[in-house]
Every structure is written in structure tokens, then in C-alpha cells.
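Here is what each chain is made of, one letter per residue.
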Amino acid sequence: MDLLGILVGKFVILGCKLTGKNGTSLPGKLALKVDADIIKNIVKDVKNEKIVVTGTNGKTTTSGLIAEILKSSGKKVVHNREGANMLSGIATVLIKNSDIFGNISCDTGVFEVDEANMPLVLNDINPKVVVVTNFFRDQLDRYGELDTTIKKVKESLSKLPKDSMLLLNADEPFTASLGDDLNLNVFYYGILDKLNYGYSLSPAFEQKYCPICGGKYVYKDVFYGQLGDYYCPKCGKSRPKLDFGALDIKLTEDGISFKLKFKDKLISVKSHLTGAYNVYNVMASVAANVLLEIPFSNIQMGLNNYTPIAGRLQKTYLKGKKAIINLIKNPIGFDSTLNMLREINKPLNLLIAINDNYADGRDVSWLWDVDIENFVSHTKINHVVTSGLRAEDMALRLKYAGIDQKKIKIMKSIDEALEYIPTITNEELIAVLPNYTSLHEVNNYLKSRGVKQ
Amino acid sequence: MKLVIGHMYPELLNLYGDRGNIITLKRRCEWRGIEAEVKAITVDTNTNFKDIDILFLGGGSDREQKIVSDDLTLKRAKNLKSAIEDGLTLLSICGGYQLLGMYYLSSDGSKLPGIGALEIYTVAGNKRMIDNIIIESSIDGKIFKMVGFENHSGKTFLQKNVKPLGKVIYGNGNNGEDGMEGAIYKNTFGTYLHGPVLPKNPEFTDILIKKALERKYGNCNLTPLDDSFEHLTQDAIINRFVKK
Ligand SMILES: [Zn+2]
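Residue numbers (the working numbering), protein chains in the order written: chain A, 8 to 460; chain B, 545 to 788.
Everything labelled a hint here was simulated from the structure, so no lab data went into it. Predicted model only: the values in this text are computed from it and were never measured. Each residue gets a CB set at the ideal place from its N, CA and C atoms; glycine is no exception. Just to be clear, a hint being listed does not mean it is correct.
Stated by the list, open to error - Across the chosen pairs, the derived CB separations fall in these ranges: (1) B:785 to A:40: 46 to 56 angstroms; (2) A:83 to B:649: 56 to 66 angstroms; (3) B:617 to A:262: 46 to 56 angstroms; (4) A:326 to B:650: 51 to 61 angstroms; (5) B:574 to A:271: 36 to 46 angstroms.
To be verified - When the alpha-carbon atoms are kept at most 35 angstroms apart in a straight line, the in silico DSBU-like pairs for lysine-lysine are as follows: (6) B:610 to A:419; (7) A:413 to B:689; (8) B:787 to A:36; (9) A:353 to B:570; (10) A:223 to B:787; (11) A:414 to B:686; (12) A:227 to B:570; (13) B:655 to A:241; (14) B:655 to A:158; (15) A:241 to B:622; (16) B:570 to A:387; (17) B:619 to A:241; (18) B:704 to A:413; (19) B:671 to A:223; (20) A:47 to A:36; (21) A:161 to B:655; (22) B:610 to A:241; (23) A:223 to B:619; (24) B:689 to A:223; (25) A:413 to B:583; (26) A:244 to A:268; (27) A:416 to B:754; (28) B:689 to A:414; (29) B:619 to A:227; (30) A:326 to A:416; (31) A:161 to B:610; (32) A:244 to B:583.
With the rest of the complex left out, here is chain B (with noise of 0.2 angstroms):
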């Protein structure tokens, strides 16, 4: 088995150790025998997502965020829209989220538009959301906590169609406001954890990849890991931050 990770605009969107979202997919491919090979999607390439089984868009600075937009929007939004619909595996982060949506309302009160592929919009915020976060998702009769870094200032909102990846237990999520963090729609998903989210969070991982597997191959199981580190790393934060 193999499958093909579309890494989009990895010199661009190279921001809080995203890569490590890229590595881990890799590595926890290639422990259970699954072939994994990671192809670059820059500005100059061309893709219409067939070839690719899971995706990855990142978040970077403004002036970095601001050429992936326009590559985005002006490019690839049909292509990407029709994939995502398609059932096609994608994460995105922050930035990359925000841009899958239908806007982003800046604070002088201009509209850039996102690709619409998420019914969900961004309203940008006066306060950056700089903390630890604790999350509780329940994904396909799975229910696990995931933690992460957050550092935003938009604030996410969902609309019908959309569920939230999960229930905010410690720091802000989405806006701050509502009590949720990131969206799922069909097998795109998106979130506000860096971290990088996937190394220490190996439930989410793995939810990704059998995703993936299963579009491409039909039914099939994953090799359980020996996960002993990943859930040091998430308890440590959860055992800092959470009263019991």
C-alpha cells in the first residue's frame, strides 16, 4: 500500500514547526509497511488533487499568507472545492484553514474571499489567542483528547455543514467564544493547534491516514503503534493545565 502526501506551499507556509505534521504522517506510515512519498505543491505547480490521497495546507506570516491566497483563490479553487467533496483527506492549519472557508473579514472591514469549500467565515479579532489548548473530539464513535498551541487572531465561526473537531477544555479554540475548535466536513478537517499537532496527538494521526487507506484500498485496519511517548507528551500538558 501506498499513499501520496501533498505537502501545499512547504516553503511558504513554514511557520511553528508545521513540517512536523508532514514527518509524523510519514513515519507512521512507513512504521506499518505503508509506502508514504510527500510531494511538494507550490506556486508553479500544477494539480488537479487526483494523484494526491492526503493534503496538507499550512499557515504562514502575512506576507507569505497573502501569495498563497492569491494562488489559492485565483488558481485552485475549483479543483480543490470538487476534491474536497470528492472525500479527499486534507488537514489544514490556521492560516490554511481560515482559507478554506468563505471569508475573512479584516478589521477595516474589507472581505477577502476564502476558497468556500468550508461553511465557516473568520472575523479578525483585536486580542491574539497565544496559549496551551486542550481539546476533547469524538471523531467516527472515537472519543479522544488532543492538546496543542494556539496562536490566532481571527475568530472562527461555523455554520450548517460543518462540525467542530471537538470541545474546548483548556484555552480558546475557534473565537473564543462558542466553546469549539476547528471543523470537519466529510474528511476535511480543520484546526487552530500547532504543536504540531499530529506527533502528539497519534489518535488524530491515525484517524487521517486510515481515512486516506480506506478511500484508496476499501476496509482495512492499521497496525496499532506503541504510542507510549506521544501520550507522555499529551499528559504532560493535560496533567499542567487541567484541574482534576
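Next up, chain A with everything else stripped away, as it sits in the complex (with noise of 0.2 angstroms):
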């Protein structure tokens, strides 16, 4: 093989640890640019499985308990846990776990992959097992629209060898469409319990209509944003049926736990993870890791390991004050977010930093898509912060969403905004809501400041 690509991002490693920069992408991006095929020639040499986790949101959080179950069965696993999920950051994490002889130390390989780089890596990496979380509207201004992407995904998954496993989400209708007429082993995965909290259609909902005759889609039930058990009464398509469901889900403060069934089993699974959403992503890490016939007491031993990565629903203190960190990248995510916080019941002081960074999406309209109003008439705010280089835009939303304008102050530097938002605070629990570059500038704040993330 090639060893100037292996050299090149080696070297870029070192520089990049020499100036104290994170380097999760760029190494892969110049090695890529001498060797076109780097990816595959390191890849081939991951012994075992291969699991490749894709869609709109959840995939982080899926992929990395998929990761840490492998590790508490005892596989070396190579995994883009830092959420690098381009060409680039795949390409960055595989040199990082070579040799300089393009070497790899590990026998098993979890990637995240960004749903527009599926079809440039997918048949590289050659997984056993696919995973699909969901498809929303997320950056559109990058990649065109939704139908363009899920198109290339599908003919990118029909190039897998037949016998690699497709696992789908079998409540997100444009996610389980990907499996018709699909020559590999498909498994659905969804929820079998009624699991609605009252929360009406968010506008970011979408997708109602059925891909085969154009009929609408009804929902018998909605859990979480578009995904619910849905059939078109036109020509009778409906969710497929499950083979992974969950069923006695229960969420507390402390975590969620419920029943999978699974053939004529039913296994109890525990997450120390909150959030309704959560369900979906431990659900699908649990059921990707009884395709590959991991013992259930590995799998969840490697749930109670997970320690979720920097700016998921973060607990940390701001100047000794209470705070919260959660991404928000898109309307789905800010949307449940929101619905979080309102579950907390406690008056909150918000720092909401947006960023418009080709890796956000240049595009900001989304932030209309997102029920705050709803929000806001519902949860005591006593002073909100907008930050970053669209400071100017969301404050501009909060106040077309009834927040009154005094209350409201623009800081475009995250880090002063950072500094200031605990000295206005007393009672009130602090919500850090970055988006995707704003977490990276929220986390070395935090980091400069030497609190332990």
C-alpha cells in the first residue's frame, strides 16, 4: 500500500498535538489527498466486524454504545468517537490506530458516518452491520434535500455484499422505506409501547406521505418528532414489522430502562441515558449487538460504561453554577432539547450560541422550525444570552417567540457570554445550548478554565 498517505497524516497528528489542536479531521483530509484509497487499505486489515451507524440525529450516541459494548466484550475496537463522521475524521482515526506501516492494532471497527459520505466510504469499510437512526432535516443548504440523500444512501447500501445486516428504524418511515426491495438481511427496530408525552406535532415535523402511492401517512401513535407506528390507509404500506421492539419503557430523572423482544425473548436493558429519544439510540445499539451475537451480559455491562461524549446533556458548573450543556444542530434536536428542559421544571437562564460554520450548515432558517413558542409559554426564563457569529438571528427568534426583549442580550464571543451568563445568575439552572462549532468553542472554554468535562 501507499505509505506517503499514512506519513503524511501521521505528521499532521504530530503538528497538530505540537500547536494543541484537536486534529480530528485535517490529518485524514491531507492523507486523503495523497493516498485516494487510504480508508480501504487500513480497513481491510480490521479482522472482525465492521458496524457502520448513519442518520440525522442519534448517530453519535448510538455508534459509541455500539462501541462500548464491543470494548466490555473484550474487542479492540477502532471507533470516530469524536463524532468526525467525513471522509476526513474516518480517514484521521484509522491512521491514529496504525502503525506508520498503515498497521492497524484493532480487530473491530464502529463508524460514524455523515448520511451525504455514505456513498464514498460505505463499500470501503464493507460493514456487517448498518445502522439507520432516522432521516430529518438537517443542513439542507449542504446537501440539497432530504429525498436527493436518502436516494444515494439506498443505492450505496445495494452495493453491500448480501449477506451484511441492515438494521432500521422501523418508526421513521423515509428510514424504513430504505429496506424495500433491498437484497440484504433487513431488521426493523421501534418502539411497541404507547410512549406519547402530550407533545403536539412539532413544525419540524415531516414526511407524511407514503413513498409508494403518495397517499398520507396516519400515525395510530407519535413517539418522538415524525417517529411513531404509522400506515397509509391508501394502499395499506405501514411500519414494518418489528423485530426489535421495545415495550414497558419507563424514564426517570436517573435513566430509562425497558423490555426488548426479541424473536420469542425478552431482554431487560437499562441506560443510565435520559430522554425519550434515548430509548431509540439504546435500542439500536442493544439489537446492532445481538446481530453480532454478543452475550447480553457484555451488552449491558457496556451500557453501563458509556460515558456520553462532551456537550450531551452535560452536567458541569459555570463559576459554582448549576449548568447544563446540550447540542442543539438541528430543529428536531433543539425541539426535544427544549421539551427537556421543560420537563426540569426549574426557571432557567439560557445561553444559546449559533454558529454558521460550513460544518453547521450556513443556512440558519431552521431556528423558525422550532416550537419555542410553546416553550416559552410554558417554562419561567429569566435571561437569555445569544451568542456567536448568528447571535444577532436567534435573538431576533426569541423575540418573535414572546421573550420579552429586555430580557434578552447579545454577546457574539461565546467564551465572554460563557463568562458572563453565572453572574446574572442566582436561583436559576443555566442551559448551555451550543450548536455544532459553538460546542467545540464551549468545550475549550471549559477546558482553558480546567473544568473536568
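Now that you have both chains on their own, put them together as the hints suggest.
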């Protein structure tokens, strides 16, 4: 194999270390310029299963859980944990885990892959299991529209070897339809319980039309976003029969628990992750490992060992004041974060940081697809600081959502906003809601202040 | 005073935050003590547009756009055209804007008819115009800048009778060629500006409200509002992308 690519990658990794940069993408980006096949060349030496996780929301948590479970069962796992899920990020993590001859020290691979990068990398990785979580509207300006993305994902799936396994979220109509007429081993997971917390359909709700006849889908139950139990009254297409179904779901402040039905078995599952949407992430990770025939004791151990990465429901302190940090990167993610905050039922001081860098999506119109009106009318909000490159857009959105303009302060610098918000906080809970690249700034701030993550 | 805002196909054309336009129209009426009622007009709704004061028609993804296009051109073309001729205040965006025109020429050479209310036509382009956009408008003697985000591949060209909404200062506009953006015909406006367009361009929003009020109640003056956040949002984009 071409060793120059590896050397370039290794060299840049060293450079990033010396300059104190995180370097989760740049080494791979430059290595790919020298050797376009570097991913394929390294990955072919990963002897055991490769797992790919894609979808709009939940892929970081789901792939993290899968990797943790595999580690708990004694495997050496290469995994792009930091969420760098484009070609460059995958190449970087592979180079990091290889010696200078391109020999990788891991026997199993778990890769979170960005939807739009699936066609570019899926066949190079050649995974045993592919998990698709859901398709929501996300960063549309980068990819064009959702339909095109889904079509391309399906095309790349159809080129996989016939014995590959595909694990699809049956409750999300777009995702479930990937399995139609696909010559692979397709498994579906979904919720068998009623799980509706009285949230109305979010304005970001989408895809209510049958892909076969164009008829309007009717939902028997909506669980979260556009996820639920649906059918088409016109042609009869409905949610596929579940291979893995969650029932007896219990959500508490400490976490979630449910029973997973698989064939004639009922598996008890527990996780310390909170929020209804994590039922899907936990279920997908358990199901993927069941398909890989990992013993159940190892699966539960892996769930226990999992620690969420920085910025996902992360609890911390800012100048001694309690704060919670959660990434918001698209309308559904923003909506479910607001629902979670509403459930906490405490007075809030909000810091919302919105950037419009390439990785964020340059169009911030989606802020208007979030049901902030509903949140504002049900929650006591004392102060809001908006920050980031689009601080003004966020402030304007909040004004029109019904927050008194006098409560809103615009501070473009995220560092300054993080310094400021605890100084106006008494008993309130601080909620820091950054989008993708803003989260990096928040994490850097915490790191530079020595706050444990 | 009361305005009825007609929101066309809200569950189909719900891309790019365009519901923010409805929120903005409603709020800016309410802040002035003008009652504002939002009526959803869906595929199953019958209307001749006589009971609507401001009509909003957005854009959607290809699949939804097709359903809308069938409903508009087959069922509503005549009613909507005569309402537009009669001076209905109408804001159309992106796909909705294209549908008001004469036709859309797709890349395979087929001509998809619009309702023909505006003398404009759209040609499929091979490159997607995705960027922030800044324009300068001059409407009813008022000159002001507008900002937004455009995301379209269709190139729209205006013919006689139709004036542009503004001149492009930054970005592509109607077609990336002639420096024009959007269209004005009577009280009907078309534009490629998402963002959404109305919250951050209050001058334009108020023109729509004023036109609708005047059509219904005769001459009127709008109470000025505190638009400091609106202008901060606008200025942030202008200062970032336009070199002084
Ligand atoms: Zn159907």
C-alpha cells in the first residue's frame, strides 16, 4: 500500500498535538489527498466485524454505545468517537490507530458516518452491520434536499455483499423505506409501547406521505418527532413488522429502562441516559450487538460503562453555578432539548450559541422551525444570552417567540457569554445550548478553565 | 382592524423556516393592536381568496412541490389569478414564486406550467445557488436593504409588466446573471429570500401589512415599532459580506 498517505497523516497528527489543536479531521484530509484509498487499505486489516451507523440524529450516541459494548466484550475497537464523521474524520481515526506501515492494532471497527458521506465510504469499509437511525431535515443547504440524500444512501447500501445486515428504525418512515426491495438481511427496530408525552406534532415534523402511492400517512401513535406507528390508508403500506420492539418503557430522571422483544425473548435493558429519544439509541445499540451475537451480560455492562461525549446532556458548573450543556444542531434536536428542559421544571437562564460555519450548515432558517413559542409559554425564563456568529438571528427568533426583548442580551463572543451568564444567575439552572461548531468553543472554554468534562 | 393571513399548504411547504414569515406577520399586527387570524389553506380547502387579506405561498421539496403544483394549476389557477389582478397582497417564496409564473423548463426539456399570474419563467440551472444574499429594494418610494439566504437551482427571468423586488448587492438573485432579485406585480411579491425573509426585513413586512390594510380599510399609517433587533440582524449580515 501507499505509505506516503499514512506518513502525511501521522505527521499532521503530530503537528496538531504540538500546536494544541484537536486534529480530528485535518490529518485524514491531507492523507486522503496523497492516497485516496487510504480508508480501504487500512480497514481491510480490521479482521472482525465493521459496523457503520448513519442517520440524522442519534448516530453519535448509538455508535458510541455500540463501541462501548464491543469493548466490554473484550474487543479492540477503532471508533471515530469524537463525531468527526466525514471521510476525513474516518481516515484520521484509522491513521491514529495504525503504525507507520499502515498496520492497524484493532480487530473491530465502529464508524459513525455522515449521511452524505455514506456513498463515498460504505463500500470501502464493507461493514457487517449498518444501522440507520432516522432522517430529519438537517443542514439542507449543504446537501440539497433530504430525498436526494436518502436515494444515495439506498444506492450505496444496494452495493453491499448479500450477507450484510441492515438494522433500520421502523418508526421513521423514510428510514424504514430503505429496506424496501433491498437484497440484504434487513431487521427493523421500533417502539411497541405507547410513548406520547402530550407533545403536539412539532413544526419540524415532516414526511407524512407514502413513498409508494403518495397517500397521506396516518399515525396510530407518535413517539417523538416524526417517529411512530403509521400506515397508509390508500395502499395499505405500514410500519414494517418489528424484529426488535421496546415495551414497558420507563423514563426517570436517572435514566431509562425497557424490555426488548426479540424473537421469543424479552431482554431487560437499562441505561443512565435520559430523554425519550435515547430509547431509540439504546435499542439500536443493543439490537446491533444481538445481531453480532454478543452475550447479553456484556451488552448491559457496555451500557453501564458508556459515558456520553462532551456536550450531550453534560452537567457542569460555571463559576459555581449549576449548568447543563446540550448540543442543538437541527430543529428536532432543538425541540427535544426544549422538551427536556421543560420537564426539569426549574427557572432557567439560557445561553444559546449559533454559528453558521460550513459544518453547522450556513443557513440558519431552521431556527424558525423549532416550536420555541410553546416552550416559552410553559417555562420560566429569567435571562437569555445569545451568542455566536448568528447571535442576532437567535435573539430575533426569541423576540418573535414571545420573550421580552429586555431579557435578551446579544454577546457575539461565546467565551464572553460563558463568563457573563453565571454573574447574572442566582437560583436558576443555566442551560447552554450550542450548535455544532459553537460546542467546540464551549468545550475549549471549559478546558481552558480547567473544568472537568 | 383585522387581517386574515392565508397560509397555503402549511404542512407541505414547510422548508427553510418559512413559517417564520407567518409568525412575523402575526406578531407585527398584534404589536399594533391589529387582530391577525391565520387560516391554513390545504389541498382539501375550498377558497376563492376573497376572505384572505395577505396570502403566503412558500416552497417545499420536490415531492411536496409536485402535489402543490397539481393543486394550484389544476384547481386554483383561475381564482388565484383573478385575486392577484384584483390587488390581493401575496408573498411567494422560492418554489411558490416559480409556480406563479408561466412555466418551469426542466433540464429534460419538458415544460411544467405555472398558473401564469406573473409574466416570469424559470429555467432549470445546473448549479445550485446557495448563499447569503443582500439586495436593495425600492418600493413605494422607500429605499431599503434586505437580507436573506437563497437556495435554488432554477433561474427565473422577468418579462414586461413585472418589476424586480430589488437589485442584488451580494449573492445571485433571480438567475445569477442580470443582477435582479424577486418580482413585483401589483401587490404580489415573489422572492428567493429565505432566512426567513420577513423577520429580519421589517420594512418589507410592514409594506405587506400596509398594502393589505389599505385595500381593506383605505388609507392608514402603521404605528412604528422598536426594530432594533431586526436591524442588528440585518446589519450583521451586511457588515460581514459587503465591503465598505
Ligand atoms: Zn400508500
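Measure nothing beyond the straight line between the CA atoms of residue 787 of chain B and residue 36 of chain A; if it is 35 angstroms or shorter, mark the hint as holding. Holds, at roughly 32 angstroms.
Would you check the hint for residue 619 of chain B and residue 227 of chain A, treating anything up to 35 angstroms between C-alpha atoms as holding? holds, 31 angstroms
Given a hint of 46 to 56 angstroms, does the C-beta separation of residue 617 of chain B and residue 262 of chain A actually sit inside it? holds, 53 angstroms
Under the criterion that the straight-line Cα-Cα distance not exceed 35 angstroms, is the pair residue 413 of chain A, residue 583 of chain B satisfied? The hint holds at about 31 angstroms.
Could you grab the alpha-carbon distance between residue 413 of chain A and residue 689 of chain B and see if it respects the 35 angstroms cut-off? holds, 26 angstroms
Proposed proximity, residue 268 of chain A with residue 244 of chain A (alpha carbon, max 35 angstroms): holds, 23 angstroms
Residue 47 of chain A paired with residue 36 of chain A [C-alpha distance capped at 35 angstroms]: Satisfied, since the Cα-Cα distance of roughly 15 angstroms is no more than 35 angstroms.
Hey, residue 161 of chain A versus residue 655 of chain B, does the alpha-carbon distance stay inside 35 angstroms? holds, 30 angstroms
Satisfaction of hint between residue 416 of chain A and residue 326 of chain A, Cα-Cα up to 35 angstroms: Since the Cα atoms of residue 326 of chain A and residue 416 of chain A sit roughly 19 angstroms apart, the hinted pair holds (cutoff 35 angstroms).
Does residue 244 of chain A pair with residue 583 of chain B here, judged by a C-alpha cut-off of 35 angstroms? holds, 31 angstroms
Are residue 223 of chain A and residue 619 of chain B close enough, with their CA atoms no more than 35 angstroms apart? Roughly 19 angstroms between the alpha carbons, so the hint for residue 223 of chain A and residue 619 of chain B holds.
Does residue 241 of chain A sit within 35 angstroms of residue 619 of chain B, going by the straight-line distance between their CA atoms? Answer holds: residue 619 of chain B to residue 241 of chain A is near 22 angstroms, not above 35 angstroms.
Of the numbered hints stated above, those contradicted by the structure are hints 1, 5, 6, 10, 18, 24, listed in ascending order.
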